[in-house]
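For the record, the sequence lines run as chains R and S. Under the working numbering, the first residue of the first sequence carries the number 192, and numbering increases by one thereafter. Under the working numbering, the first residue of the second sequence carries the number 306, and numbering increases by one thereafter.
Don't take every hint at face value.
[As the list claims (entries may be wrong)] A few chain R positions that, by computed beta-carbon distances, are all more than 10 Å from chain S:
| # | residue |
| --- | --- |
| 1 | Lys207 |
| 2 | Leu210 |
| 3 | Ala262 |
| 4 | Ile312 |
[Said to hold, decoys possible] No farther apart than 25 Å at their CA atoms in a straight line, the calculated lysine to any residue pairs in the SDA-like style are these:
| # | chain 1 | residue 1 | chain 2 | residue 2 |
| --- | --- | --- | --- | --- |
| 5 | R | Lys207 | R | Glu245 |
| 6 | S | Lys387 | S | Leu377 |
| 7 | R | Lys358 | S | Asp523 |
| 8 | R | Lys288 | S | Val527 |
| 9 | S | Lys387 | S | Arg422 |
| 10 | R | Lys288 | S | Arg522 |
| 11 | R | Lys358 | S | Glu325 |
| 12 | R | Lys207 | R | Lys288 |
Honestly, the hints are just simulated from the structure, not real lab data. Even glycine gets a Cβ: it sits at the ideal position worked out from N, Cα and C.
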Amino acid sequence: MSVPHALLALLRQGPKYGLRLQSEFESRTGDVWPLNVGQVYTTLQRLERDGLVEATGEGERSRKRYRITSAGERELSQWLGNPPDLVPPPRDELVIKVLVALQVPGIDVHELLQVHRRHVIETMQRYTQVKAAAGEEDVPLALVVDAELFRLEAIVRWLDAADVRLKRLPSPTPTEVVDAPLEPTRPMEVSP
Amino acid sequence: MTSALELRQVSKVYGSGPSEVRALHDVDLSVEREELVAVMGPSGSGKSTLLTIAGSLEEASSGQVLVDGIDLATVSRSDRSKLRRRSIGYVFQDFNLLPGLTALENVTLPLELDGVRARAARTSARDALEQLDVADRADRFPDELSGGERQRVAIARAIVGERGLLLADEPTGALDSVNGEGVMRLLRDATQRGVAGVVVTHEAHLASWADRVVFLRDGHVVDQTVAPPGPESLLAAGGRR
């Protein structure tokens, strides 16, 4: 989440004080991304230094109102149109755990997949409670929670696919397990 | 307290000899009133079989199925049909509303088939449509209703009267995720008003609307979620960034 750009977006609606920016940021992200007021002022100072916002008023920071500059508006619209970096993390811990489990004798990989599946779905239930409690009209919160839910659902789908793929593997006999040469797991290729 | 639905060591076998298929193995499952349970599992895991046996649409090969404490195996065939009509509501993937009947008539029909007098049946049906916020569409035919309204009428038909058990097999069908969520919200609301609900789904974001998620694999219940703590815990821990 880019806090500077979120603040620029809020200032695009009109000049605001730092405290107001903090409370609007939190309510518009469904209170899922809390932001402390110190972080708001530090960010505003940087934006001011870069000419993207300007302060009105004198004295203490809480007395200053900030407004977006035309350079700030250009920066915001550029940022909104720029696709975010979708490169996956270099090592997905869950994928590594499952790959490692395949090499460890005596581990029931299906059970392991189920442990992770249950954990992910329990987390999804908690996010859904947040959405249910807020009601359908709270669209910003629904958008934030949906993003998390669909990210988690992708993990469940990966676990389901892994389950089916592993089920199709012929079960190794005990002899095969003992005699099988140890082979290093192929390193995962990560797209640049 | 009597559970709205209880499956005790339920097994289901289709065919015999080499062609025998065991769809369910010793399944134990209890569902209470005001509880929504989602059943998840891969294709062929026994989800739909579990639902049809719970709804008395087919018989278990062994084990007991109790609806409101009544063991379905101990009652006559006609009493079982009566129990099925009076206590159990079904929601299907494509809603299955009868096109020649209005919304009100669709919801009234199961009661009238059960011998409820027309006026009483219409009153109950109107109550159910009101609960689902579609009472103002009562006189419309299914093809005059939006997709969302048809869903609501189908759920009203499933909960009309004294039905205490609501069974839904992939009720969100081919709906997009937001409309699918709408169906889950309605099912959740219905259960919170005192009905027990069981919904089969393969989509985790829809299953997460349930109070409990039960996992089936190869006909066995292999796991279930534990009651999730409140949403506050999420915001206090992992959700805070």
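These are the hints, each one checked on the structure:
Interface exclusion of Lys207/R from chain S stands, the closest Cβ pair being 23 Å apart, more than 10 Å. With a cut of 10 Å on Cβ distances, Leu210/R stays outside the contact zone with chain S, its closest approach being about 20 Å. Every C-beta of chain S lies more than 10 Å from that of Ala262/R, the closest at about 28 Å, which supports listing it as non-interface. Not every CB of chain S is more than 10 Å from the CB of Ile312/R (nearest about 5 Å), against its label as outside the interface.
Only pairs whose Cα atoms come within 25 Å are accepted, and Lys207/R paired with Glu245/R is accepted, the gap being roughly 11 Å. For a cut-off of 25 Å, the pair hint linking Lys387/S to Leu377/S stands: about 11 Å separates their Cα positions. For the proposed pair Lys358/R and Asp523/S, the alpha carbon gap of about 11 Å is at most 25 Å, so the pair holds. Of the pairs offered as hints, the one joining Lys288/R and Val527/S holds, with about 21 Å between alpha carbons and a cut-off of 25 Å not exceeded.
For the proposed pair Lys387/S and Arg422/S, the alpha carbon gap of about 16 Å is at most 25 Å, so the pair holds. Taken as a hint, the Lys288/R and Arg522/S pair is honoured in the structure, with Cα atoms around 22 Å apart against an allowance of 25 Å. Only pairs whose Cα atoms come within 25 Å are accepted, and Lys358/R paired with Glu325/S is accepted, the gap being roughly 20 Å. In summary, the hint linking Lys207/R to Lys288/R is not supported, as the alpha carbons are separated by about 48 Å, beyond the 25 Å threshold.
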